[in-house]
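J.: As given, the protein sequences belong to chains A and B, one line each in that order. When we follow our numbering, the leftmost residue of the first sequence carries the number 1251, and every step to the right adds one. When we follow our numbering, the leftmost residue of the second sequence carries the number 172, and every step to the right adds one.
Hints are computed from structural coordinates only; laboratory data are not their basis. Where hints are given, some of them may not hold.
Result set (DSBU-like, lysine-lysine): computed pairs, CA atoms no more than 30 Å apart in a straight line [unchecked claim]: (1) B:K227 x A:K1291; (2) A:K1291 x B:K241; (3) A:K1305 x A:K1316; (4) B:K241 x A:K1264; (5) B:K207 x A:K1291; (6) A:K1305 x B:K275; (7) A:K1291 x A:K1316; (8) A:K1264 x A:K1305; (9) A:K1316 x B:K275; (10) B:K238 x B:K207; (11) A:K1264 x B:K238; (12) B:K227 x B:K239; (13) B:K241 x B:K227; (14) A:K1270 x A:K1316; (15) B:K275 x A:K1270; (16) A:K1264 x A:K1291; (17) A:K1270 x B:K207; (18) B:K275 x A:K1314; (19) B:K238 x A:K1314.
Per label pair, the in silico range of CB-to-CB distance [what the hints assert, rightly or not]: (20) A:S1323 x B:G211: 26 to 32 Å; (21) B:G186 x A:P1258: 36 to 42 Å; (22) B:K238 x A:G1303: 33 to 39 Å; (23) B:T252 x A:D1315: 21 to 27 Å; (24) B:P283 x A:P1258: 34 to 40 Å; (25) A:S1268 x B:A248: 46 to 52 Å; (26) A:T1267 x B:E185: 42 to 48 Å.
Quick caveat: nothing in here was measured; it's all calculated off a predicted structure. Glycine residues also receive a C-beta, built at the ideal position from the N, C-alpha and C atoms.
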Amino acid sequence: GAVVSQHPSWVICKSGTSVKIECRSLDFQATTMFWYRQFPKQSLMLMATSNEGSKATYEQGVEKDKFLINHASLTLSTLTVTSAHPEDSSFYICSAKDRMNTEAFFGQGTRLTVV
Amino acid sequence: GEDVEQSLFLSVREGDSSVINCTYTDSSSTYLYWYKQEPGAGLQLLTYIFSNMDMKQDQRLTVLLNKKDKHLSLRIADTQTGDSAIYFCAERGTNSGYALNFGKGTSLLVTP
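Bound conformation, chain B alone (with noise of 0.2 Å):
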């Protein structure tokens, strides 16, 4: 199947910017989402882009998308001790439906 690929492990100080990268292998990827898991959580959907977009920005969040690349970032402005979670990326082809393909999440630890 399609891949999904983030870096595992990010770790930023308070009041810094995060970036977390994803790349993707499905060309036919319509829309791109970040979704955000606290621990023992389920997922909260941060923001998506389209696939015909190159960069949305909402509030803190801006996400960027290298469509040539495959590319995705997700830039976190002024972290705050509780964006800390584990961040997926997740993509949606044409031939999937409404069903998505995730990666395995990148983890972002925020130290004061």
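If we strip away everything but chain A, and leave its shape as in the complex, we get (with noise of 0.2 Å):
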């Protein structure tokens, strides 16, 4: 039990353009979720929290017009990156959690490529 899948695994979009990424709790009911990035060599650092049904609360230097996250269901959050810039490109993870659980399960990350 416990999974996680994120879609697309890879995507290559244009300068300037936006992109979703998502995240699905395939077989429990996600009450809250974590977007994480990861550049090359480095660790994966939070961006922002979302709990199913409010606003998503981000880190600091995380910009929140340009990450719109959306956690509309108890399944489904999706992280929209907009007006994206080379300097976007990088790994993002999410993770998910419900209310009973006490540990939160990672997708399989997207590796976002922007040329």
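Make the complex out of the two chains shown on their own, each in a separate frame, by following the hints.
T.: In structure tokens form, the structure reads like this:
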């Protein structure tokens, strides 16, 4: 159990376009989802925390107008990178937890390349 | 913010034991984790330890926690080439909700 699926696994987009990344909990209701970003040879950095039905809480230094997070249902959260630029190229990974579980489970990540 | 530090690289021979070390600064850490990341893949939770434990063993994996020194280690016995990956140490403090604070990862290379 506790499977989290991200889609797409990788995406290449042109500079200036927007990209949407989906994070789905397949077999549990994800009341909380977390979005992380990982630059090459760096650690994962928490970008934002989203609770179902509420606005996301962004970490310091993360532009909420650039990284739009929607968590409208208990099984789906989306991260939209708006007006993407090459410096947004990174590995984006989500994790999700339900009310009962103390652990959050990670998706397989999405590699975004902006050209 | 709180820091989690790891050595960046470790190379061992197949069959030897690997020990990956991690230090952290958050004294309120409740859980400490080890994740494995293979190239191009997501994170796989290997094991975790609650902060009131000193040791946890799970098959080939042994986690040691020295809470006083804020030092965590992961020992992999009989290391195999399939263990080659990046290993992340992460901690969860009482004030972080369920978000994790990660180290930069230790790249483990297992040679035949």
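J.: Determine whether the Cβ-Cβ distance between T252 of chain B and D1315 of chain A falls within the hinted range of 21 to 27 Å.
T.: Given about 46 Å between the Cβ atoms, the range is violated.
J.: Compare the distance between the alpha carbons of K1291 of chain A and K241 of chain B with 30 Å, and conclude whether the hinted pair is satisfied.
T.: Given pair K1291 of chain A, K241 of chain B holds - Cα atoms ~24 Å apart, limit 30 Å.
J.: Sort out whether K227 of chain B lies within 30 Å of K241 of chain B, counting only the CA atoms.
T.: holds (16 Å)
J.: Do T1267 of chain A and E185 of chain B keep their Cβ atoms within the hinted range of 42 to 48 Å?
T.: holds (46 Å)
J.: Compare the distance between the alpha carbons of K241 of chain B and K1264 of chain A with 30 Å, and conclude whether the hinted pair is satisfied.
T.: violated (44 Å)
J.: Quick check on a hinted range of 33 to 39 Å for K238 of chain B and G1303 of chain A, using CB atoms only.
T.: Because 37 Å falls inside the window, the suggested range holds.
J.: Are the Cα atoms of K1305 of chain A and K275 of chain B separated by 30 Å or less?
T.: holds (29 Å)
J.: Take a quick look at whether K1291 of chain A and K1316 of chain A sit within 30 Å of each other, Cα to Cα.
T.: holds (24 Å)
J.: Confirm or reject the claim that G186 of chain B and P1258 of chain A have a C-beta distance inside 36 to 42 Å.
T.: holds (39 Å)
J.: Hint check: K238 of chain B vs K207 of chain B, CA-CA at most 30 Å. Holds or violated?
T.: Holds, at roughly 22 Å.
J.: Measure nothing beyond the straight line between the CA atoms of K275 of chain B and K1270 of chain A; if it is 30 Å or shorter, mark the hint as holding.
T.: Holds. K275 of chain B to K1270 of chain A sits at ~26 Å (cutoff 30 Å).
J.: CA of K1264 of chain A to CA of K1305 of chain A, is that 30 Å or under?
T.: Holds - the C-alpha atoms of K1305 of chain A and K1264 of chain A are around 28 Å apart, at most 30 Å.
Of the numbered hints given earlier, the model fails hints 4, 11, 19, 23; all others are met.
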